[in-house]
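Novice: The primary structure of each chain is shown beneath.
Protein chains: 2
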Amino acid sequence: MSDTIKYILPEEKMPANWYNIQADLPKPLAPVLNPGTGEPIGPDDLAPLFPMELIMQEVSQEREIEIPAPVRNVYRQWRPSPLFRARRLEAALDTPAKIYYKNEGVSPAGSHKPNTAVAQAFYNAESGIKKLSTETGAGQWGSSLAFAGALFDLEVRVFMVKVSYNQKPYRRALMETYGGSCIPSPSMETEAGRQILKYDPDSPGSLGIAISEAVEIAATHDDTKYALGSVLNHVLLHQSIIGLEAMSQFEMADDYPDIVIGCAGGGSNFGGIAFPFIGEGLRGGRKVRSIAVEPSACPTMTRGKYAYDFGDTGHLTPLMLCHTLGSTFMPPAFHAGGLRYHGMAPLVSHLVELGEIEPRAVHQNPSFEAGLIFARAEGIVPAPESTHAVRTAIDEALRCKQEGKSETILFNLSGHGHFDMSAYSDYLDGKLTDQDYDHEALAKSLSELPQVG
Amino acid sequence: MSDTIKYILPEEKMPANWYNIQADLPKPLAPVLNPGTGEPIGPDDLAPLFPMELIMQEVSQEREIEIPAPVRNVYRQWRPSPLFRARRLEAALDTPAKIYYKNEGVSPAGSHKPNTAVAQAFYNAESGIKKLSTETGAGQWGSSLAFAGALFDLEVRVFMVKVSYNQKPYRRALMETYGGSCIPSPSMETEAGRQILKYDPDSPGSLGIAISEAVEIAATHDDTKYALGSVLNHVLLHQSIIGLEAMSQFEMADDYPDIVIGCAGGGSNFGGIAFPFIGEGLRGGRKVRSIAVEPSACPTMTRGKYAYDFGDTGHLTPLMLCHTLGSTFMPPAFHAGGLRYHGMAPLVSHLVELGEIEPRAVHQNPSFEAGLIFARAEGIVPAPESTHAVRTAIDEALRCKQEGKSETILFNLSGHGHFDMSAYSDYLDGKLTDQDYDHEALAKSLSELPQVG
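Sequence lines, in order, name chains A and B.
Last residue of the first sequence: 457 in the working numbering, with the numbers rising by one and none dropped.
Last residue of the second sequence: 457 in the working numbering, with the numbers rising by one and none dropped.
Worth double-checking, as some hints may not be accurate.
Note that the list lumps identical chains together, so a pair holds whenever it fits in one copy or between two copies.
Unchecked claim - Straight-line C-alpha distance at most 30 Å; calculated BS3-like pairs for lysine-lysine:
1. K291 - K17
2. K10 - K134
3. K135 - K435
4. K309 - K291
5. K409 - K135
6. K409 - K291
7. K309 - K10
For the record, the hints were derived by calculation from the structure and aren't laboratory data.
Keep in mind it's a predicted model, so treat the numbers as computed, not measured.
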């Protein structure tokens, strides 16, 4: 059997700064717009929702932003996370490619989400905030923010998409175990929720609706701010620690990736692992191929439009230029709940447009098949979201085999699948379908994109 | 907020040998007996069930037994496991005690069980065996053996207690994801199972019944051996790596425990962390208090008899001298499924009798309460079994507070609770009871203990 090869970065080599790719963009990001006026919004417009430190990070052009000591201190509980050479997987595939993966499933919440949850909780607590509101789909983000809230004495209220709330009571239990509260969305607690329920009392909810509810709570309560688990620039900034650590670990390995792969729902775990490598290329250093993998049933980058759109269904958010399926688009139910979002991070979308990122879409059955191959070879069960990255890493490794090339592949294992065994159960029982999205509904939601300028 | 203090042992300092406490016992273990003849059994009697290397480990008096390179190689995926100083928990309790915990939840299967599963799979594979049969209650052991089987190309069949099989489909899914197969027990596949079903077609099953089925399969199939996840000497031997690593980590911390705590179902995670420390005391070195914590609803050490008994309900196993509630005792349903066993490891029982181990029983509500306190302070959700150790660590820390003493407490966090969130859900909803065991049934099962000598 092949040797386990694990690269452990000493704690003192954990990055002291996050990496902000905005400093290295050949063309700046388009401004965020006020939907009413069509004018760019300023920091003050966002002040009801976020503490000023996070707003400044959102627009910062500094390449490095210091990680505050209390955040580093919490990170050290599970960071630096290990980088593995997947030797047993390479052997199972009989490929000349070298496959590495960064394991973000080692965090207390089981995914990469605490990297930004802890930072956001810290900045909110520091600015005197006592309560946070947020939304969650499958529950990874909600439980991570509940975890971070427990550490910084913040009351965390999570609006959870109702269908997930009912289907995944153990995710809710995790949030409550950490001391957070969890409300099925749409709810009667907000105007946005009441509007939906008035016309559709049985609405299963959606991430877009839950965002509207969480934003409304923050906008209408002075003691409450809002926290988002992906999409925004500051979230991707916090996740950059994944790629920064990986760069140091590749130095230890005396190797460098040719290909960097992450799954992409809102874009934060992908951006987290890929941006430090893409930035190296943008600054004239070594280039990598970066592949952002989305579900075929929610094909934001591969089938959406690059356009200004809202982040939520209730249209309470500003307008961002991004790849989008339209804020009213409802993707079919599939198990990678963390990838069921109509939009993509503006930074990821921008870099796709600049040709720095290859988007790719894969179906859920081939993804779970890859998850099984990985679990049996490497012993770790990937989260349904992460199986999309595993699928792509395996596909690239098989291409290398066909072409007789020994390329170096890095992917982000964004989380473990221990909370998602019912999805594996469905896969093993042959119950999963590779359901397509509704083409007519997509045409309709794209036709309803807001008109700007 | 208190600093995170984590002791990471460099990979090259991972123990090269397991520790065998039999070498340091002031009085040897009683022999294992043939139930038919009442005579001690020899290695050959066990040969149908186990490969000879494991049988030799079972009776070895050597203090150190080398960990084979392929086993060390797999261990290195997650070992050495981190030792944490629980500074945030100490602050929450406002105690002068120092609390440390060893986190075994970082293994791919989420518990300490792979420490022995990997070793057992290796020795079986090395001796030419192709199939393993075993039993599992809550599923931690079955999934760990399925994981190890995947690595060493062994076909793993797991007899899972039927009530758990039906209640915990995601545990079964984990075994199947690793490529193992999972059969609800009692089943029609064995004579032992058929006998039970004949008289009780709706039998919910028990660990004792499942052991009978797994043993029968191994005893009647030349290509199949049996694997047990706790109780036996060689299992506790393999788990000693936990305590050995902890000793090295305490050297790094320039500290030493006054108290070592582990939960105890069959006794392997407790023995794993405690035996190296107890052995140090037995050899004339520093003494520790060792506390083995069992559920009040299955009080093997605190309410059972120290007597010869069978390991299974069908009476296919040899007789071992141990604390037992009687092999026909059926504990009430509670969530720490890994602690629902009628017997205790002979080594643990022997050391209880010698006064080296303090047994203690705690109820499940106070245990889950402790689990919540721990999760909110330290961010990690303990497995239901592990909450029994957390409860005792907290109780000892609160005693230290009352007495104004700064003792050093070490406990084993044997696994994470991500698979068991339904139990936390029940606790949070106030649905858990501290059900007592059936006193009449216990009196009856104890009266039926086999007569020896």
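Novice: Would you mind marking each hint as holding or not holding in the structure?
Specialist: Hint-by-hint comparison with the structure:
no., hint, result
1, K291 - K17, "within (24 Å within a copy, 37 Å between copies)"
2, K10 - K134, "between (40 Å within a copy, 29 Å between copies)"
3, K135 - K435, "between (41 Å within a copy, 29 Å between copies)"
4, K309 - K291, "within (27 Å within a copy, 69 Å between copies)"
5, K409 - K135, "neither (53 Å within a copy, 37 Å between copies)"
6, K409 - K291, "within (18 Å within a copy, 59 Å between copies)"
7, K309 - K10, "neither (41 Å within a copy, 47 Å between copies)"
Hint check: violations occur at hints 5 and 7; the rest are consistent with the structure.
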